[in-house]
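Protein chains in written order, with this note's numbering: chain S, 1 to 174; chain U, 1 to 195; chain P, 1 to 343; chain H, 1 to 109.
No wet-lab data here; the hints were simulated from the structure. Heads up, a few of these hints could be off.
[What the hints assert, rightly or not] Cβ pair distances, simulated, as ranges:
id, chain 1, residue 1, chain 2, residue 2, range
1, H, 10, S, 144, 30 to 40 Å
2, U, 5, P, 237, 46 to 56 Å
3, U, 12, P, 273, 53 to 63 Å
4, P, 115, U, 43, 46 to 56 Å
5, H, 77, P, 115, 26 to 36 Å
6, S, 99, P, 9, 47 to 57 Å
7, H, 96, U, 12, 42 to 52 Å
8, U, 35, P, 275, 38 to 48 Å
Just so it is clear, the structure is predicted and the values come from calculations on it, not from any experiment. Every residue, glycine too, gets a C-beta built ideally from N, C-alpha and C.
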Amino acid sequence: MAEKLFYFLTFLALASGLMVVVSRNPVHSVLYLILTFFSLSGHYILLNAQFLAAVNIIVYAGAIMVLFLFVIMFLNMRTHNEPMAPIWAQLAAVVSAGLVLMVLVAATKASSPALEAVADTDSFDSQIGLVQTLGQTLFSQYLIPFELTSILFLVAIVGAVYLGRREPGERNSF
Amino acid sequence: MRLSDRAKDVSDKNMSFAERIYLPAIATGLGVTIKHFFKKKVTIQYPEVQRPVSPNFRGLHVLKRDDEGRERCTACGLCALSCPAEAISMVAEERKKGEEHLYREEKYAAVYEINMLRCIFCGFCEEACPKQAIYLQSDKMAPAFYGREEVIYGKDRLLESKDKTRPTDGPKRRLTATDTYIDPIAVGYNRQLKK
Amino acid sequence: MELDILTVKSIIILLVFGISLGIATYSTWAERRLAAYLQDRQGPNRAGPLGLLQPIADAVKLFTKEEFIPASANKWLFIFGPSLAMLTALMSSAVIPFGSTLEIGDKFIPVQGIEVNIGVLYSFGIVSLGVYGIMIGGWASNNKFSLLGAVRAASQNISYELAMGLAIVAVLMMSGSLDLRKIVEDQHGGNWNVFYQPLGFIIFLTCAFAECNRTPFDLPESENELVGGYHTEYSSMKLGLFLFSEYVNMFVASAIVSVLYFGGYNYPGMDLVADHVPHNLATAIGIAVMFAKTFFFIFFFMWIRWTIPRFRYDQLMSLGWKSLIPLAIANIIVTGCVILLFN
Amino acid sequence: MQDLPEVVRLIPITHYLLFASALFCIGMLGVLIRRNALILFMCIELMLNSVNLLLTSFATYRSDAAGQVFVFFIMAVAAAEVAVGLAIIVMIYRNIKTTNVNLLSRLKW
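Here chain S stands alone, though its shape is the one from the complex (with noise of 0.2 Å):
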């Protein structure tokens, strides 16, 4: 069961990932997207990293996907015009992107014995996508990174306002 669910939700993600890229219509890809951070939370849940997957859902899906949909709407992306590379620049792109992935499979098949062994099946817990586990690890362990994040996201808000506010004189122009 959960071997066909694996082999399901990958090829669900790299279908629509693939259609990402390929879609000319900036909407569908925001859609192929959508669709593969859903998978991915699929594989998360299947990982027993549930809070990972609901916060996956909540922050890509229904927060920054939403952003990019709202930023295609407003700059009225649906014109099909958007000039692509050359098509030697593509060839030479897909070609690279499959050396890439030729180099990332021959380095997983050199060292999968080392990675095949689990950690000691002893203290194996598959307690730790839950959320208490992953709150005490985040308060405890990590909780100056965690409180630099909020500042982090400060800092971001900041700038984001600041570029995104209108200049002086300025008419709105879209």
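Keeping the supplied structure of chain S fixed, place chains U, P and H upon it in accordance with the hints.
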């Protein structure tokens, strides 16, 4: 001078805290609406309950008969002439021997039609009629229509029945293209020409 | 035995879906009757006794109307939008605990569609997806009014989601769990969260209004400035799905408000009842109480709609960002301090 | 041993590695062939997510919560990044009326 005591002075003073958080105002508004929830409803359930109409209300037309059950209409065309909406048309015919019990006058309307979509229920036809033949009932309204063919009321639906109850047993004949009927426009036009 | 539980579970899930659809259907009738009553009118009372068949007549009418897709619309997304709106609206009702447990055989089965220990996050995530239906539908119509409605919906939902999340955090701090069932059980008897979190409740309720696009926050479809907003171009059952999903959302929001703040299926004196009647009957009474609370909030949603006029857009934004979010943060801080002081 | 999640017993971690690498390469391909700044941004998100998946799978297989905490941080940083990045794209669009990255290389308008 104040016409009503509901007027309020306009002021631009700053809102107090209670006004700025809106919640008391929202609660007041909710109170007002819920008060109306329990009020008696003013709606009249029309087909079952009807508002009383004035005794001189002008409703659906009827072609009257006299005391002996004869049609009063003599097809003089005055109603059609007086009709501002040009809703009435008729075809006149001479009374034959042996029909005296049917028609009071020597001439009668073989066809009498009122277009209810054109009619404005002004009652001029009733006023114009020298024979008191057409009458606008005060207790009956022209009903709504489902199709255009129902709009034109012929004698079958206008004429009073012998025992003064509807539906009538009047003739079912309707105007046809070959009929020569009194054209109110033509009549008016002629009259103007004569002047 | 395993199969039995599965059967009961699927019956519960089907029931939850059916009930949310049924309640949404009759909400349309209730809304029209209530609006009429608040305005000294009668409302629809012709189809069936008290007009109770009116929703069916409406559905038949919507189904038999002409399917129309504008020529310049994006066809698939145009159909996808309302379907997505309906889907997300229905999905969020799955985790709501409608009652305590049912005793079947020797097993106790909780009256809840899916039991997850992150129920709050689940419903929050689904709610945050609800805006996609509106955005996609509005964008695909290729109409400036629809687009404006869609853009308004997006910014409104994102803004109010923040305040909503922050308001929930205070409740979560009190119960120490993301499990909706645990949150309900913490409010045993009359020990409801609303007595501890009145401010959080008001913030949450306001945000729920905004998330459901209900008056006074119905700017995405404000009919007198944007024609119909995001559903300007829609007709027949696609329009029906949009309108219907609003009522499903309203039902879910009411249920979640009663779960989070009004104790769900808890009521004062429930222990006394539990001692004297069989377990299943006590559960049934709890479910009835839960639905009574939900119906009250649906009524409240409608009551507000026919009382308060619509906000202006800048007022909406400044209310969300400048009032509700700071208030929610202050609420969290105060809650944290009180918890620290008393524990 | 029976505590192990089903997926850990059935699927070797190399599968997750391969899957994540493939997803990463798709994102990279997108960055290389597309010229719309927004699509590029989305492809970068795709790459970030493949890394997230890898971190999560390692965290589960090694039973170490730190990996998941890192994913949480990455998501937070990604949210901040998107807020600023989209603001920049909107500003660029206001000024040069396009989001084609080829035209951005001039660095003036």
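To see whether the hints hold, each was checked on the structure:
Between residue 10 of chain H and residue 144 of chain S the beta carbons are some 38 Å apart, a value that agrees with the proposed interval 30 to 40 Å. Take residue 5 of chain U and residue 237 of chain P: their Cβ atoms lie about 53 Å apart, and the range 46 to 56 Å holds. For the hinted restraint 53 to 63 Å between residue 12 of chain U and residue 273 of chain P, the CB-CB distance of approximately 57 Å keeps it satisfied. A hinted range of 46 to 56 Å for the beta carbons of residue 115 of chain P and residue 43 of chain U is consistent with their spacing of about 48 Å.
Between residue 77 of chain H and residue 115 of chain P the Cβ separation comes to about 33 Å, which falls inside the hinted range of 26 to 36 Å. Roughly 50 Å separates the CB atoms of residue 99 of chain S and residue 9 of chain P, a value that falls within the hinted 47 to 57 Å. With their beta carbons about 46 Å apart, residue 96 of chain H and residue 12 of chain U fall inside the hinted range of 42 to 52 Å. For the pair residue 35 of chain U and residue 275 of chain P, the beta carbons lie near 42 Å from each other, so the given range of 38 to 48 Å is met.
Checked against the numbered hints given earlier, this structure breaks none of them.
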